[in-house]
Structures are given as structure tokens and as C-alpha cells.
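Undergrad: Going line by line, the protein sequences match chains A and B.
All residue numbers for the first sequence refer to numbering that gives the first Met the number 0, where the first residue is 0 and numbers rise by one.
All residue numbers for the second sequence refer to numbering that gives the first Met the number 0, where the first residue is 0 and numbers rise by one.
Take the hints with a grain of salt, since some may be wrong.
Identical copies look the same in the list; a pair holds intra-copy or inter-copy alike.
In silico lysine-lysine, DSSO-like type, Cα no more than 30 Å apart, as pairs [as the list claims (entries may be wrong)]:
{"id": "1", "residue 1": "K122", "residue 2": "K23"}
{"id": "2", "residue 1": "K135", "residue 2": "K96"}
{"id": "3", "residue 1": "K265", "residue 2": "K96"}
{"id": "4", "residue 1": "K96", "residue 2": "K12"}
{"id": "5", "residue 1": "K85", "residue 2": "K135"}
Rather than coming from a laboratory, the hints here were simulated on the basis of the structure.
There are 2 protein chains.
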Amino acid sequence: MNIHSDIATIDPKKLEKLAEVAVKVGLRLEAGQDLVMTAPLAAIPLVRLITRHAYMAGAGLVTTFYSDEDTTLSRYRHAPDASFDKASGWLYEGMAKAFAGNAARLAIAGDNPMMLAGQDPSKVARANKANSMAYKPALEKISNFDINWNIISYPNPAWAKQVFPELGEQEAIRKLADAIFAASRVDLDDPVAAWTEHNANLRKRSTWLNGERFSALKFTGPGTDVTIGLADDHEWHGGESTAKNGITCNPNIPTEEVFTTPHALKVDGYVSSTKPLSHQGTLIDGIQVKFEGGRIVEAKATKGEEVLNKVLDTDEGARRLGEVALVPHSSPISASGILFYNTLFDENASCHIALGQCYSKCFLDGASLTQDQITAKGGNSSLIHIDWMIGSDKVDIDGVRADGSVTPVMRKGEWA
Amino acid sequence: MNIHSDIATIDPKKLEKLAEVAVKVGLRLEAGQDLVMTAPLAAIPLVRLITRHAYMAGAGLVTTFYSDEDTTLSRYRHAPDASFDKASGWLYEGMAKAFAGNAARLAIAGDNPMMLAGQDPSKVARANKANSMAYKPALEKISNFDINWNIISYPNPAWAKQVFPELGEQEAIRKLADAIFAASRVDLDDPVAAWTEHNANLRKRSTWLNGERFSALKFTGPGTDVTIGLADDHEWHGGESTAKNGITCNPNIPTEEVFTTPHALKVDGYVSSTKPLSHQGTLIDGIQVKFEGGRIVEAKATKGEEVLNKVLDTDEGARRLGEVALVPHSSPISASGILFYNTLFDENASCHIALGQCYSKCFLDGASLTQDQITAKGGNSSLIHIDWMIGSDKVDIDGVRADGSVTPVMRKGEWA
Ligand SMILES: [Zn+2]
Ligand SMILES: [Zn+2]
Ligand SMILES: [Zn+2]
Ligand SMILES: [Zn+2]
Chain A
0 MNIHSDIATI DPKKLEKLAE VAVKVGLRLE AGQDLVMTAP LAAIPLVRLI TRHAYMAGAG
60 LVTTFYSDED TTLSRYRHAP DASFDKASGW LYEGMAKAFA GNAARLAIAG DNPMMLAGQD
120 PSKVARANKA NSMAYKPALE KISNFDINWN IISYPNPAWA KQVFPELGEQ EAIRKLADAI
180 FAASRVDLDD PVAAWTEHNA NLRKRSTWLN GERFSALKFT GPGTDVTIGL ADDHEWHGGE
240 STAKNGITCN PNIPTEEVFT TPHALKVDGY VSSTKPLSHQ GTLIDGIQVK FEGGRIVEAK
300 ATKGEEVLNK VLDTDEGARR LGEVALVPHS SPISASGILF YNTLFDENAS CHIALGQCYS
360 KCFLDGASLT QDQITAKGGN SSLIHIDWMI GSDKVDIDGV RADGSVTPVM RKGEWA
Chain B
0 MNIHSDIATI DPKKLEKLAE VAVKVGLRLE AGQDLVMTAP LAAIPLVRLI TRHAYMAGAG
60 LVTTFYSDED TTLSRYRHAP DASFDKASGW LYEGMAKAFA GNAARLAIAG DNPMMLAGQD
120 PSKVARANKA NSMAYKPALE KISNFDINWN IISYPNPAWA KQVFPELGEQ EAIRKLADAI
180 FAASRVDLDD PVAAWTEHNA NLRKRSTWLN GERFSALKFT GPGTDVTIGL ADDHEWHGGE
240 STAKNGITCN PNIPTEEVFT TPHALKVDGY VSSTKPLSHQ GTLIDGIQVK FEGGRIVEAK
300 ATKGEEVLNK VLDTDEGARR LGEVALVPHS SPISASGILF YNTLFDENAS CHIALGQCYS
360 KCFLDGASLT QDQITAKGGN SSLIHIDWMI GSDKVDIDGV RADGSVTPVM RKGEWA
């Protein structure tokens, strides 16, 4: 790593604005709240700026855990086999305790997307599973919005080289940094005001969709002709969310999507992907699937087909949908033309669907529903949640009501 | 920070040997043990090497927490007043749980010794107190040797500049690195064998002292004429220690001392310090104190006298001794002639005494004693434990037995 030259490459004023947006828009940190942060070591400059802005906003105590590609790879190369069924449960239990005490949570994304590409896939799978199980008590407090949380990105050199392989490292970092700044709206004079306006626009869309109460969305485009039934009592969300501690946060920066829960048993037709998907160090491209009764009964891919079929075999819910999201083709991230190999960005460049687990908050009064009630309304369950992109400027979307009446939702990738 | 240039300055082969010594001598890590490490960010290169060697030794999982001077100073500059009574209790409770699960503990020292010199002393004191109280459950598992543990050092740039203010940063780092390598015996061909021999030498000294059963040590030298009574049933220790998990570790690298518990009520005479002491960002030099019945009744210093007297007023035990330690003047650290401003080094360059808390392990069968029993035997209690140096090549030490017979222990700073 080389922190000096990264800093020289990355616009310091915009990086500081990104830190400010993380604290004031992403977390909307309240005075007296503690903050638990995680970040790759490459993101030290952003961690330092966020920490300063958090204390200026009245943070009680900021605690940061760093991940390190070098030590992670040491584990894969040198640790005994039994290591791959271990996880730091004592640390995650501690984090869960911090969240129970109203600490906010910030994750800085930006790890090398291909970090584990050369490692034994079964060790990767075992380590991921052990970690997911240990992390569950802390993750549930986050995904159930017990507290305000946010994910933001830093242009890690290894990630930048993956996105811009044809450029030198410094130039790649600079271009990725600028793309992150633009997508996060920190290239504007008043990013906080821009986010207020953006949140209002997303709320307008989700409010309209919630009012229409479509029972299905019909997607039509090249290689795509599918009707995606929506779950009973589904609710559309997008932009900011109010956590149970009363704080309204923007959990993802950037975010361009409005999204809801499809009906796990009511998806029929053909879908083709419009962008490649980076999954655990493998690229999956040219996906074509056939749905019958909500279930994928045929799946092909021009690249990574074997991995795709392994993913679909994870469990019964892996062949069914847990999310459908609408993003206009003119979204700033899409307009950049960049493939980020990072779901936080790529899913916000295109309409997408997700295989696997649904979000309980995408139901009316979702926080009070039991798992059985969610299932009865059509909510899908799975160990996975993998978003893939199906939108483009050639895709039309219609909203279909229970009575069969139809309203255009998008035309040629834009809101109708 | 600038990691590239530090690495260019520090001998990579010796740094790797230091990592190996930390794992094989310091911790004697056993296959399957997890490791919890703490380090300043500047020590990333050493953390990575130690992690690799730990996994090669069969570590289950290595988890590292980094401290950062930049974010610590942000807290002092920007955090609200209430922040200074807070600590990450949830993290320390988690660490205590890891130790209860037999995880080993490694601390990399090397923070800037003057980091907090410019900050409000009352905020520093409050933050230290909150942290000490939160850390107590984890620290007790370490100081009671529930598990194997080790402290080792890395030549942080800010520390190097403090030790060698007249040198440029790169040259200062290189010189401090070489001093750490020499003191840690990693400049030798076979450091592990050298540590085996060194541990045997220290054991020979402590075995001899334990056999003599002196009731007091009499120190005589320039400005020093003191009789330090030893606690009833005191036991001398030095070098390696066997933890309750059965693993024999070297908790301090370097270490040159043999040490035991003085009697809190039986110290009489005058003592003068022979080296300056760096305490929480303040230098205290030219200390002269008078003991009566174990208690310091007069204290002067040519530098830092006000801070010294504040320290002595911490609690009743702060005016009494908790440790007496013997280090020959020819010890390699002393021979280097370097003042390290770091107790891990400076206390191993000279005979020293410590104000405050005693070590329960420095009693026969110490692990089974209650606090009342330790007090009855003459063991001191305090919130502080501050070592200061009283040895030189002009100091003689005699061992005095209960019957009044005397045996020379050191002459002109060397074992007699
Ligand atoms: Zn989405
Ligand atoms: Zn998703
Ligand atoms: Zn000592
Ligand atoms: Zn000591």
C-alpha cells in the first residue's frame, strides 16, 4: 500500500465532502452517539476524515476495525484447515452490544473485488459461512434498522485497477475517486442539499408506486419478457429510512433505486441480464433464465455458467426472487458508463432483480410480521441475496393491476 | 504516515526475525490458538509479518485492532466533553471472552510518547481512567497469566524522532529499528537459541535470589542510600513465565530484569533517579525522594516536579513501592546509551523501583492469595504502577538477611 500517492491522486476537498456526507446524510449521527466503523486499510485517509466529522457532530466514541487484504491472504496461504470454520464471534457479539447501546454503524466498502479469486473455493465458502453465522446477531440489528447505518466507498488501488485495467494505478485511482464522488453527489456545491432533493425525488417515486398498488410489473426488452408478480401488501422503499432509534439515515451512498418485494411464486417468462455480475471473484455475464411459477427452471450464461448454477443450487429460495428494483437508465451511475464490479454501484446503474432473501421492511408494517406471515404474503427466504442487472434503454416496464388494467411505469429505461 | 519509506529504512530480514521471535519466543503460540493483536497503524508491516508467522505456527484466527494517533487527537480536539468519560467496554468485554477461550494476546508498542503532551491533562486523565476501568476484565486475564501474552516494539516515526531529535526522520527510524533489533536479540544468527540461553541466565539469577531469601536490599550510590525491605514470602521472577493455560511465554521483549515485591511499609532512606522518566507526555528528571516506613515523605525533581507530586497524590499506595528490579549496568539496552522514552526499554537498562501496584505473581504461590493476604505480606495496592530508574555503574547493592548478615548482590552496577 502507498497512502501518500493515493492521497496525492484523490481530490482532498471532495474526499472531505464525502466524509461530511457520510456523517450528515448517510448516518445523520446524533450528538452523544458512538460510532462503530469498518474499513479496508487503504481507506485510512477517509476513516480519519469521517472520525473528525463524527466528533465535530458530537460523537461519543468512534471505534474502527480495519480489514487487510495481506493478512486475509496469509490466512488462505498458511492457516491450518480448521481455521476456515472459525470466526471472531466475540468481536461480533461486542458489536451487537454496541448497537444495543445505540451506536451507529458505518462500513467503508472498496475491497479488491478479486481478492479471493485464486483461493480454494471451498475454503472461501466455509470461511464465509462461519463469518455469516457469527456476524448474524450484529447484522440483524443493522438490517432490521435498530440503529442508523451507512455504507460508503473509498477508491482502493486494487479495486481501481479492476475497474480501469488499461490505466496506470494513479490514473485509475483518480478516475474511480471521481466516479465515487459524482455518484455520491459530493462534486456538487452543496451535497447535503442535493441529497435532500434526491431523497425527495425517490420518495415521490415510491409514494406513487405505493399508491398504484400494482399486482405485477411486466418487463419487455431484448431477450426479456417477464411478468414479476409483487408480494401481497408489498411496500416500495428508496433513499432515506427511519431507524427504530428514531434517526432517519441514508443507508446506501450512492443510491438511485426504489425497490420492493416480488411474489416468490408469481414470476413467469424470460429474462436476460444487461450487465455482467461480479460474484465472489468470478464474473458472470450474458445470463438468460426462464421462470415458471416464480422458480428459475432454466439458466444459461455466456460466462460463469457453472458458478451461476452452483449459486442457484444453494437452497430452494436461491431460484426465486427477493427484490425487484427500478433505476432509470439516465441515473448518474449508469450515465458514467463504468462497470464498478461492486454491487453498491452497479445495482444503482440499472433496474435489477435479486435472487434469494427478501427485505421484511418492504411490506406494509413489515417490522411486526412473523416469518410465516412474510412467507404467506409471497416473501422469499434464502441464505443468498444476489442482485443482477436487467435494465437498459431498450426495456419497457408496465404496472399491471389485479383487475388487469395497465399503466406505463418506464419507457426505454426512463420513468414514463 | 508513509509506509513505503519506513519499510525501505528498516532491515526487512531483521523485521521478519522480530516477527518470528514474537510468535516463537514471546507467545510460544500453540497450534489452534487464536491471537488478538493491538498495534499502532505505523506497525502495519510488522503486524503482517507476525500474522503470517502466527498462521504458519497453526493459529486459528488472528484479529488485529489498530490505534491511530490522528483519530485519537481528533477526539481531543473535537469531541464533546462527555466523550472523555467513555470507553469501548463492549470491545474489551469481547477481548476478555476471547482470552477465556484461550486466545493469546500480542501488543505492539511504539506509539508517539509525546502524543498527548499538548492536550488538556484533566481530559487525558479522565479518558485514561474510563479506559482502565473498561479494560480491567481483559487486563486481569493478562496480568494474572490466564493465557500466554507478549509485548514487542515497532519503530514508529514519531517515537524515533523523540529518541533521536537531531537526526532526519529516515535516519532516526533506522537507528531506533536497529536498537530494537539488538535489544530483542534478532540481530543474532539464531535469536530463538539466544533467547533460550538468556532465559536460562535470568532463571539462574532469580533462583539464586529466591534461595538467599534476603529480607531487604540496601542500595548505595551517589544521592542514594536506601534499605528496601522485601515482602514476606516474596518470589523473584524474570524472563519467561508459565501461564495458567500451560504455555511458557516471554511476556516482554526485550527483558533484562529480575524483579520482586518490596514491603510496602519497610523502605527507609534516600533515593535519586539515574535516568529521566517519560510519564504521559511529560519528562520527569532528577528525582530525589526520602522514604520513611515505606512512604515517600519528601519528593523533589529538577524537571517535572509538579507532575511528580500529582502522581504521588493519586492514592495512598502511590507513595509506596510495588516492585524492585535488578538489571546489570552492562545490559545490552544500557550499553546502547539510548534513552528510549518507553518503559519497555528504559526499565531494562537499569535497576529500578516502581511506585504503586505490586504483582501478585511475585509471591510464593501468588495465584492463590487473596488481596488481604497480599496486603498482610507487605504487597502494595494502587491505581498506578510507574517504574523509575535508580541503577548506574556507581551503585552497590547488598542483600540483607533477617539475622543481619549481608551478601553483596551488585558492585558498581554489575552482579557481584
Ligand atoms: Zn437493490
Ligand atoms: Zn439487493
Ligand atoms: Zn520492572
Ligand atoms: Zn514495573
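Undergrad: Against this structure, judge whether each hint is valid.
TA: Structure-based check of all given hints:
Within a single copy, K122 and K23 get their C-alpha atoms only as close as 39 Å, which misses the 30 Å cut-off; across copies the closest is 27 Å, which meets it. Both within a single protomer and between protomers do K135 and K96 lie at most 30 Å apart by alpha-carbon distance, with minima of 13 Å and 18 Å respectively. In this assembly of identical chains, the alpha carbons of K265 and K96 never lie at most 30 Å apart, being 40 Å within a copy and 47 Å across copies at closest. When the C-alpha separation of K96 and K12 is checked against a cutoff of 30 Å, the pair qualifies neither within a copy, at 35 Å, nor between copies, at 42 Å.
In this assembly of identical chains, K85 and K135 lie within 30 Å of each other by CA distance both inside one copy and across copies; the values are 14 Å within and 27 Å between.
In summary, the numbered hints that this structure violates are 3, 4.
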